[in-house]
Amino acid sequence: MQVRTPDRVSVEPPVRTDPAPRRRARWWLSRNSRTLQGLGYAAPTAAFVALFFVLPLLLVGQMSLHDWPLLAGDRGGNAPENYTDVTDSTLFWPAVRFTLLYTGIVTVVLLGLALLLALLVQESRPGTGFFRTVYFLPGALGLASASLLFWGMYSPTTGPLSRPLEKLGLVDGPVSFLGTPTSALLSTVFLVVWKFAGFYMLILLVGLQRIPHELYEAARMDGAGRGQIFRSVTLPLLRPSLALSLLLCVTGSLLAFDQFFVLTKGGPDNSTVTVVQLIYREAFQRLDLGTAAALSILVLAALLLLNALQFRGLRHADES
Amino acid sequence: MGSPTTSPGRIHRLIAAAVALIATAALATACGSGDGDKGGGGGGGGAADAKGVDDGATLTMWTRAATRPQSEALVKAYNAKHRNKVELTVVPTDDYQTKVGAAAGSKDLPDLFASDVVFVPNYTSSGLFADLTDRIDALPFADDLAQSHIKAGTYDGKKYVVPHTLDLSVLFYNKDLYRKAKLDPEKPPTTLAEWDRQARAVDKLGGGVNGTFFGGNCGGCGVFTWWPSIWAAGDDVLNKDGTEADLASGTAKKVYDTYRGWVQDDIVAPGARDETGVTWTGVFPKGKVGVMPMPSTTLGLMPKDLDLGVAPIPGPDGGKSTFVGGDAIGISATSDKADQAWNFLAWSVGDEAQVDVVAAHKDVVARTDLASNKYSEADPRLVTVNQLVADGRTPYALKFGQTFNDPNGPWLTLMRDAVFGDAAKVDKDNEAVTASLGD
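Read top to bottom, the protein sequences are chains A and B. Each residue of the first sequence is one higher than the one before, counting from 647 in this note's numbering. Each residue of the second sequence is one higher than the one before, counting from 2 in this note's numbering.
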């Protein structure tokens, strides 16, 4: 007992340490409660992403390494045949070239027009609200529906565009808006610009409205003209919105499908086949899901690379 | 205590129980405890009952939009007089292959599904249809069913489908315009040369009237309306296995040259170059086109005031033929209501359905013994069409879709080179078609 007494005395710290784990737990909890809360909020989304993005992506990766007929059939491994088959197709490189050309044209025309529209409705004047709504309205329509609408309008026999042009004497006969490679491309670009200009206008408008008025006033007091103000104030401060628009526009255009599927079906003479149309063709015309998956993986890799380059470029621009 | 050791035990027991349960359920299903297995169900070709079972089952069925009116009429008539009920889903034609493929992958096919007859070999060779050999052979009129459809649905000696809707390519000509052009409205063309002369004569009327029309950006329209002119001359376009094309023959080139001449001399109605097949059949009913090949299923949809005649598609120097298209229908291999589904199929090719539904709708009957019936006798155009079934062909190729129907496929390239572009490329294009067929 006596031996134990000093022990007990000397073992005071354990008496003190008894509540310590609880305190430590509380301290840990309080320190990490935000983290736990965050994880709790993120968990459902993370689960959805895992279920609807990561898992399908893994499945696509697996499919791309196997024979995978759409209808019943053997599904043996065949790597890397699906990947080499993709580039064997005579449509592949023309489709890549066409998709890049389309992306280039759409990006320049669409963002240019969107910026112009945003500048037009930047200031709040009577009627501005009306024009903002009108510009944005086509954006509320689904792309497939809009494509079908334009398909009807472009029809040389039943469409409403050809006859007035004939009556005005501007053309000799029915106009074939989708009949030549150039006219088919331009007609599709027109549809896409009509459809999305209002949407990108909205993004740029938000950016424009975040630029402090004082900067414009200061520039004016310094004697800067409209062009100078646009170059030195508007454009630099609008860069984040322009960057976002550029990213969305480039990615969306590289994945173009609906508009061409409805309007041109890749024609005339395979002149408007996009890369995503090739994926559809492999899967549902040639009934070969393996090659379609390989093509999808290649497109995904190209997009990741492009987006990484864009982000890097933008970060450099921000730092400078 | 002990929980760390007992938990896995519990889990193992639970897993074992679940596996046993699933296995029991699977065995029960495999042994055929359901309705559908009466009389060789499960879609298999067991003991055949010629009439199937009508016990009030609900059957699901898919058809494509292109043949919707015929399918709807048959289903409506069947549902009115049977205890079984068929629930029909009409799928957009362009999406049909996709939908069937996706459903086949997930074993989610309906009890019955019709298909464009040219795609049937894809489905039979992939095991999507149930074997109907015994059931079809037990029909008293088995030999009178349209044999081109039966052949297209025969794989490894087993029969998988019956004809559902027959759609033949035939010449439609506008008798009013023929009269105005001083042509005999009772003498449609019997050779491609006559067709050419008559189209040009009508075209001379002017005032928005054109000689002819065709779907120049539509591969399916091309096989349907151009190939009969080649067959009429006794030539073929594919080898027996559907792995080689003969689309650059002298006869084929004669056919292409005629169409090319119409394009060059502006005998064709506007829009032919862009026509992807969507509005192809909407041009003739407006009454401004002289003579053009069309699907026979459009006969019942023509304006009543349009005085039109129907004739077989001729070859360059005569003869006649047709593309026996349309839909064939079978029972999906995964259906557990095969007997009930067969009840619908057997009825749909029976006398009552074929005469009172199909013929009454001015469509082609699926049986040669009913080519002449009370409705066709009242309209000689129907007799012309019905009798053509015997002269027609249904091409067979496993790669038919990707070669001929694909808007980015090699056949459309050949078609467009032949009539709009560089006709000298036809031989090379034919090689590309063969490569696609053997791909």
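Rather than coming from a laboratory, the hints here were simulated on the basis of the structure. The reader is advised that the hints may include incorrect statements.
[Stated by the list, open to error] Among chain B residues calculated to face chain A with C-beta under 8 Å, some are:
hint: 1; residue: GLY102
hint: 2; residue: ALA104
hint: 3; residue: ALA105
hint: 4; residue: ASN123
hint: 5; residue: SER127
hint: 6; residue: GLY128
hint: 7; residue: ASP407
[To be verified] Calculated cross-link-like contacts (lysine-lysine; reagent style DSBU-like; alpha-carbon spacing at most 35 Å):
hint: 8; chain 1: B; residue 1: LYS254; chain 2: B; residue 2: LYS52
hint: 9; chain 1: A; residue 1: LYS813; chain 2: B; residue 2: LYS52
hint: 10; chain 1: B; residue 1: LYS363; chain 2: B; residue 2: LYS183
hint: 11; chain 1: B; residue 1: LYS205; chain 2: B; residue 2: LYS287
hint: 12; chain 1: B; residue 1: LYS108; chain 2: B; residue 2: LYS255
hint: 13; chain 1: B; residue 1: LYS363; chain 2: B; residue 2: LYS305
hint: 14; chain 1: A; residue 1: LYS813; chain 2: B; residue 2: LYS181
hint: 15; chain 1: B; residue 1: LYS363; chain 2: B; residue 2: LYS205
hint: 16; chain 1: B; residue 1: LYS255; chain 2: B; residue 2: LYS52
hint: 17; chain 1: A; residue 1: LYS813; chain 2: B; residue 2: LYS176
hint: 18; chain 1: B; residue 1: LYS363; chain 2: B; residue 2: LYS400
hint: 19; chain 1: B; residue 1: LYS100; chain 2: B; residue 2: LYS255
hint: 20; chain 1: B; residue 1: LYS205; chain 2: B; residue 2: LYS152
hint: 21; chain 1: A; residue 1: LYS813; chain 2: B; residue 2: LYS289
hint: 22; chain 1: A; residue 1: LYS813; chain 2: B; residue 2: LYS287
hint: 23; chain 1: A; residue 1: LYS813; chain 2: B; residue 2: LYS183
hint: 24; chain 1: B; residue 1: LYS305; chain 2: A; residue 2: LYS813
hint: 25; chain 1: B; residue 1: LYS152; chain 2: B; residue 2: LYS181
hint: 26; chain 1: B; residue 1: LYS183; chain 2: B; residue 2: LYS289
hint: 27; chain 1: B; residue 1: LYS52; chain 2: B; residue 2: LYS108
hint: 28; chain 1: B; residue 1: LYS183; chain 2: B; residue 2: LYS159
Yeah, the Cβ is synthetic: ideal placement off N, Cα and C, and Gly gets one too.
Structure-based check of all given hints:
1. Interface restraint check for B/GLY102: the shortest CB-CB distance to chain A comes to about 4 Å, inside 8 Å, so the restraint holds.
2. Hint on B/ALA104 is violated. Least Cβ distance to chain A is approximately 10 Å, over the 8 Å limit.
3. The beta carbon of B/ALA105 comes within 6 Å of a beta carbon in chain A, closer than 8 Å, and the hint placing it at the interface holds.
4. Among the interface hints, the one on B/ASN123 holds; its C-beta lies about 6 Å from the nearest C-beta in chain A, closer than the 8 Å criterion.
5. With 8 Å as the threshold, the beta carbon of B/SER127 comes within range of chain A, its nearest partner Cβ sitting at about 4 Å, so the hint holds.
6. For B/GLY128, the interface hint holds, since its Cβ comes within 8 Å of a Cβ in chain A; the closest pair sits about 5 Å apart.
7. Against a cut-off of 8 Å between C-beta atoms, the interface hint on B/ASP407 holds, since the closest Cβ of chain A lies about 4 Å away.
8. Taking the CA atoms of B/LYS254 and B/LYS52, the gap is near 49 Å; set against the 35 Å cutoff, the hint is violated.
9. Under the criterion of a C-alpha separation no larger than 35 Å, the hint pairing A/LYS813 with B/LYS52 is inconsistent with the structure, at around 63 Å.
10. Note on B/LYS363 and B/LYS183: the hinted pairing holds, with a Cα-Cα distance of about 29 Å set against a maximum of 35 Å.
11. Annotation: proposed proximity of B/LYS205 to B/LYS287 holds, straight-line Cα distance about 18 Å (limit 35 Å).
12. Between B/LYS108 and B/LYS255 the CA atoms are separated by roughly 47 Å; this puts the pair beyond 35 Å, and the hint is violated.
13. At most 35 Å may separate the alpha-carbon atoms for a hinted pair to count; B/LYS363 and B/LYS305 meet this at roughly 13 Å.
14. A hinted pair counts as satisfied when its Cα atoms are at most 35 Å apart, and A/LYS813 with B/LYS181 qualifies at roughly 27 Å.
15. A threshold of 35 Å between alpha carbons decides the hint, and for B/LYS363 with B/LYS205 the separation of about 32 Å falls inside it, so the pair holds.
16. Simply put, B/LYS255 and B/LYS52 have alpha-carbon atoms about 49 Å apart, too far for the 35 Å limit, and the pair is violated.
17. Of the supplied pair hints, the one linking A/LYS813 and B/LYS176 holds, its CA atoms being roughly 31 Å apart against a limit of 35 Å.
18. A C-alpha spacing of about 32 Å is found between B/LYS363 and B/LYS400, which places the hinted pair at or below 35 Å, so the restraint holds.
19. Of the supplied pair hints, the one linking B/LYS100 and B/LYS255 is violated, its CA atoms being roughly 39 Å apart against a limit of 35 Å.
20. A C-alpha spacing of about 44 Å is found between B/LYS205 and B/LYS152, which places the hinted pair above 35 Å, so the restraint is violated.
21. Between A/LYS813 and B/LYS289 the CA atoms are separated by roughly 20 Å; this keeps the pair inside 35 Å, and the hint holds.
22. With a CA separation close to 21 Å, the supplied pair A/LYS813 and B/LYS287 stays within the 35 Å bound.
23. The suggested pairing of A/LYS813 with B/LYS183 holds, with an alpha-carbon distance near 32 Å, which does not exceed 35 Å.
24. Using a Cα cut-off of 35 Å, the hinted pair B/LYS305 and A/LYS813 holds, with the two alpha carbons roughly 32 Å apart.
25. The straight-line distance between the Cα atoms of B/LYS152 and B/LYS181 is roughly 44 Å, outside the 35 Å bound, and the hint therefore fails.
26. Simply put, B/LYS183 and B/LYS289 have alpha-carbon atoms about 16 Å apart, close enough for the 35 Å limit, and the pair holds.
27. Taking the CA atoms of B/LYS52 and B/LYS108, the gap is about 27 Å. The hint holds against a cut of 35 Å.
28. A threshold of 35 Å between alpha carbons decides the hint, and for B/LYS183 with B/LYS159 the separation of about 53 Å lies outside it, so the pair is violated.
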